[in-house]
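Assemble the whole structure, with the sequences as input and the hints as a guide.
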Amino acid sequence: MKDLIELFWLRYTELQSAVGKNESDKIAVLERELELLLERIVGRKTESSEDIREQFRFAIDLLNHEAEDLGCVQRNSELLRTLVDRYVGMPLKAKVVGDEDEDTLAWHHRHLILDEDMLNDLDEPVVIVSPGYRVSFANALDAFQRNAPEGLIGCHIAELVGVHRFQNILREKLDNCFKGDTSKYTYAEDENGRTVVKSLEMSPCYSSAYKLVGAMVVIREIADRRRRAAG
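Once you know that position 145 of the sequence shown is 145 in the numbering used here, the rest is easy, because the numbers rise by one and skip nothing.
There's no promise every hint is true.
Taking lysine-lysine and the DSSO-like style, the derived pairs with C-alpha atoms no more than 30 Å apart in a straight line are [stated by the list, open to error]:
1) Lys211 - Lys45
2) Lys198 - Lys45
3) Lys45 - Lys184
4) Lys21 - Lys184
Treat the hints as calculated values from the structure; they're not laboratory data.
Structural data, given as structure tokens:
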């Protein structure tokens, strides 16, 4: 899958160059080759979680890359819809994959499209951070001690994790997430005299119309390894 995608982007770059030079014959050949590569990449149904991640990442990259062309946006949205319809809800237990791959695939399925009802049913805190770095949604669980989820709405994420952490690390990770990547950030803070280690798992989140909503951030408290090592 990776080889096909790399070949697609190589030919895509060659096409842009040919368009700039007005090489009509070369353009026609490259367009046909790109259509065939696109069909092979998106049309392949796979049970490999790595290949599925590559397919989703490719579709999102293409959508972002051609965001200014309405015709391309419509086509690329359909490509993403095809992948969602194919893989979301597909039983993972039937796949011959390891537990880690299975969890990763479930994560990708669960967090691609914004579904507030589903997020409110989760047993872990989730917030949506908009491209302006403000919280636009928070589920019923509060990981930042604001007493109620409503207290998080509109807050800048720097208010919740600290300005220093935001400026030095988290901002870049969120920016990458807005471009279609997934990311993770772990930090420790003091809460009421005890050290709490939090893991923020970030994934790009799209509306049902496949427009970027922001970054979906799942907040988990994890064991403090430093304390365990000291014990």
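Fill in: Distance restraint between Lys211 and Lys45, which requires alpha-carbon spacing of 30 Å or less
holds (24 Å)
Practice prompt. Would you mind confirming whether the straight-line C-alpha gap from Lys21 to Lys184 stays at or under 30 Å?
Written response: violated (42 Å)
Discussion item. Checking one constraint from the list: CA of Lys198 to CA of Lys45, max 30 Å. Satisfied?
Written reply: Roughly 36 Å between the alpha carbons, so the hint for Lys198 and Lys45 is violated.
Item to complete: Take a quick look at whether Lys45 and Lys184 sit within 30 Å of each other, Cα to Cα.
Response: Within the cut-off at roughly 28 Å; holds.
When held up to the earlier numbered hints, the structure conflicts with 2 and 4 and fits the remainder.
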